[in-house]
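Protein chains in written order, with the numbering used here: chain A, 1 to 225; chain B, 1 to 158.
Just to be clear, a hint being listed does not mean it is correct.
To be verified - Chain A is nowhere near these chain B residues, computed Cβ spacing over 12 Å in every case: (1) Met1; (2) Val12; (3) Ile29; (4) Thr32; (5) Thr51; (6) Asn52; (7) Asn55; (8) Ile64; (9) Leu101; (10) Cys108; (11) Glu126; (12) Gly130; (13) Trp137; (14) Ile138; (15) Val148; (16) Lys156.
Stated by the list, open to error - Going by beta-carbon spacing under 10 Å, a handful of chain B positions derived as facing chain A: (17) Glu58; (18) Asp59; (19) Gln62; (20) Val69; (21) Leu70; (22) Leu77; (23) Leu103; (24) Ile104; (25) Ser114; (26) Phe145.
Because the hints were derived from the structure by calculation, they are not lab data. Using N, Cα and C, we set each Cβ at its ideal position, and we do this for glycine too.
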Amino acid sequence: MLTVLALASVVLLGIVPDPSQAIVIYTGWERHALLGSDVRLSCSFFSWRWTSDDVTFSWTYRPDGSKDSISIFHYTGGMAYVDNKGPFRDRLEFVGNPGRRDGSILLKNLDFSDNGTFTCDAKNPPDIVGRPQSSPLRRVPIQAGVITGAIIGVVLGLLVLIVVIYYLMRFLVARRVFSLSVSKHGKKKKEGSQQRQGPAPPADPSKVKAAASEKKKQESRKDKK
Amino acid sequence: MLVLGGIILLHVTTIILLLVATIDNAWWITDTVSTDLWGRWELSNNLWHFTNLKNYPEDYLQAIQATAVLSCIFAILALFVFVAQLFTLPKGQRFTFTGILQLIACLCIMIAASIYTAQLHASETEGGYGHSYVLAWISFVFTLFLAVTYLVLRKKSE
Numbered sequence: 001m002l003t004v005l006a007l008a009s010v011v012l013l014g015i016v017p018d019p020s021q022a023i024v025i026y027t028g029w030e031r032h033a034l035l036g037s038d039v040r041l042s043c044s045f046f047s048w049r050w051t052s053d054d055v056t057f058s059w060t061y062r063p064d065g066s067k068d069s070i071s072i073f074h075y076t077g078g079m080a081y082v083d084n085k086g087p088f089r090d091r092l093e094f095v096g097n098p099g100r101r102d103g104s105i106l107l108k109n110l111d112f113s114d115n116g117t118f119t120c121d122a123k124n125p126p127d128i129v130g131r132p133q134s135s136p137l138r139r140v141p142i143q144a145g146v147i148t149g150a151i152i153g154v155v156l157g158l159l160v161l162i163v164v165i166y167y168l169m170r171f172l173v174a175r176r177v178f179s180l181s182v183s184k185h186g187k188k189k190k191e192g193s194q195q196r197q198g199p200a201p202p203a204d205p206s207k208v209k210a211a212a213s214e215k216k217k218q219e220s221r222k223d224k225k
Numbered sequence: 001m002l003v004l005g006g007i008i009l010l011h012v013t014t015i016i017l018l019l020v021a022t023i024d025n026a027w028w029i030t031d032t033v034s035t036d037l038w039g040r041w042e043l044s045n046n047l048w049h050f051t052n053l054k055n056y057p058e059d060y061l062q063a064i065q066a067t068a069v070l071s072c073i074f075a076i077l078a079l080f081v082f083v084a085q086l087f088t089l090p091k092g093q094r095f096t097f098t099g100i101l102q103l104i105a106c107l108c109i110m111i112a113a114s115i116y117t118a119q120l121h122a123s124e125t126e127g128g129y130g131h132s133y134v135l136a137w138i139s140f141v142f143t144l145f146l147a148v149t150y151l152v153l154r155k156k157s158e
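Could you build all of it, start to finish, from the sequences and the hints given here?
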C-alpha cells in the first residue's frame, strides 16, 4: 500500500509541472478609446525567477470578427521590434521597462479599424510556461460630438433665455400699467398690444393671470372709448 | 378652415422631411456607398455594412449635424406654438412667434445644406447627392414659405 502511494506520488510530481515555474502575465482591462487618441497597452508578468537578460515580450493583434492574429511587436535581446509593414506601421512605440518586467506599448493615433484584441505574451527564460493574456480594445465611435452638442445646447439655451426674458418684460410692463396715469396707459396699451401677439403659450399661471387681467382692462378701456 | 388644414398639413410634411433628411444617412450616394451625417453604409458582397465616417473635416461635419438637428427641433416647436397660438392669440393678430421659430428652422437647415455643399464631397467625381440632401433643400423651401405665411397671416376676427 505504502509503496503504491509512494510510486503514485513520484509519478504525479513528475508529470505535473511545478506551478512556481509558470509565468503569470497581467494586462489591462478592456479599453475604450477615442478616435485619434493614444492608447497605452500595458503588460507585465510575475515570475519566481529573476528577470533574465533574455526576457521577451510579444504583442499580437486579432481584429474583431477575424480569426487570424498578426504579430505586431516583439522585444528580445534588449531590442524592441515594432510593426513596420502592417496596420500599425509607425504607430507603435515601446514604453515599457523590461528590467521592471513591464512590456507596455503605446498605440498612437487610434484609427477607425483598430477594434480588436491585443494579446501579450511574455517569456522569462527559463520560465516560459504561461498563458498569454488578452486585452480587448474598443474604439468609441465619433461621439455625436462636443461641437454638435455645444451648438445645440447654446442655441436652445438662448431660445429659452429669450422667451423667459420676454415673459418677464411683459409681466413687469403689465404690473406698471396699473400704477401709471391715463396718457401713459394709452402708450403702454399700444406697446402691450404689439407685444401680445408674441409667445402665447403661457409659461406661468401668474403671468397668465396678469396678461388676462391686462387684456380685460384694455378691452374695457377700448369699450369705454 | 381649408387654409388652416392646408397649412398644418404642410407644416407636418415639412417636419417629416426634415426628420428624414437629418436621420437617414443618404446625403451622398454612389453605387456601393450611402453616406453621411452620422455614418456610412457600404455594400460589399451584397451586404450592407455600417461603418464610421473616415477622414471628414470634423468641425464642419459636427456643425452640419447640429444645425440639422436644430432645424428639426425648431420646426416641431413651431408646430406646437402654432397650435397654441390658434387658441390663445387675440383676433386680428399675426402668428409672429410661430413665424420666427419657423424662420430659425429654415435658417438652420439652409446652413446645414450649404456647409455640406461647400465643404464635404466637394471634389469627388464618383457619386451624387442622395435623397436626404434633396429633402433638406426641399424642406428649406417649405420652411421659408411657411415662415412667411405665419408672419403674414392674421388670425380671423369674426
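Checked hints:
With a least CB separation of 20 Å from chain A, Met1 (chain B) remains clear of the 12 Å interface cut-off, as annotated. For Val12 (chain B), the requirement that its beta carbon stay farther than 12 Å from each beta carbon of chain A is met, with the minimum near 19 Å. The claim that Ile29 (chain B) is not at the interface with chain A holds, since no C-beta of that chain comes within 12 Å of its own (minimum 20 Å). Distance to chain A confirms Thr32 (chain B) as a non-interface residue, since its nearest Cβ pair spans about 18 Å, more than 12 Å.
Non-interface status of Thr51 (chain B) relative to chain A is broken: a Cβ of that chain comes within 12 Å, the nearest being about 7 Å off. The claim that Asn52 (chain B) is not at the interface with chain A is violated, since a C-beta of that chain comes within 12 Å of its own (minimum 5 Å). Distance check on Asn55 (chain B): its Cβ comes as close as 9 Å (rounded) to a Cβ of chain A, failing to clear the 12 Å threshold; non-interface status is violated. With a least beta-carbon separation of about 9 Å from chain A, Ile64 (chain B) fails to lie farther than 12 Å from that chain, contradicting its non-interface assignment.
The claim that Leu101 (chain B) is not at the interface with chain A is violated, since a C-beta of that chain comes within 12 Å of its own (minimum 8 Å). Some Cβ of chain A comes within 12 Å of the Cβ of Cys108 (chain B); the nearest lies about 8 Å off, and the non-interface call is violated. The beta carbon of Glu126 (chain B) sits about 21 Å from the closest Cβ of chain A, which is more than 12 Å, so the claim that it is off the interface holds. Against the 12 Å criterion, Gly130 (chain B) stays outside the reach of chain A, whose nearest CB is about 20 Å from its own CB.
In this structure Trp137 (chain B) is separated from chain A by more than 12 Å, as the shortest Cβ-Cβ distance comes to about 21 Å. Annotated as non-interface, Ile138 (chain B) keeps its C-beta farther than 12 Å from every C-beta of chain A; the closest such distance is 23 Å. Distance check for Val148 (chain B) against chain A: the nearest CB is about 16 Å away, which clears 12 Å, and the non-interface claim stands. Against the 12 Å criterion, Lys156 (chain B) stays outside the reach of chain A, whose nearest CB is about 14 Å from its own CB.
Using the Cβ-Cβ criterion of 10 Å, the hint placing Glu58 (chain B) at the interface with chain A is satisfied: the shortest such distance is roughly 7 Å. Against a cut-off of 10 Å between C-beta atoms, the interface hint on Asp59 (chain B) holds, since the closest Cβ of chain A lies about 6 Å away. With a cut of 10 Å, the hint placing Gln62 (chain B) at the interface with chain A holds, because the nearest CB-to-CB distance is about 4 Å. Restraint check, Val69 (chain B) versus chain A: the minimum CB separation of about 6 Å is within 10 Å; hint holds.
At about 6 Å, the closest approach between the beta carbon of Leu70 (chain B) and any beta carbon in chain A falls short of 10 Å, and the interface hint on this residue holds. Because the closest C-beta pair between Leu77 (chain B) and chain A is about 8 Å apart, less than 10 Å, the hint holds. Interface hint status for Leu103 (chain B): violated, as the beta-carbon distance to the closest one in chain A is roughly 13 Å, over 10 Å. The restraint placing Ile104 (chain B) at the interface with chain A holds, with a minimum CB-CB distance near 8 Å, inside the 10 Å limit.
A hinted interface residue such as Ser114 (chain B) counts as satisfied when its beta carbon comes closer than 10 Å to some beta carbon of chain A; here the least separation is about 15 Å, so the hint is violated. Checking Phe145 (chain B) against chain A by beta carbon gives a least distance of about 21 Å; that is not within 10 Å, so the hint is violated.
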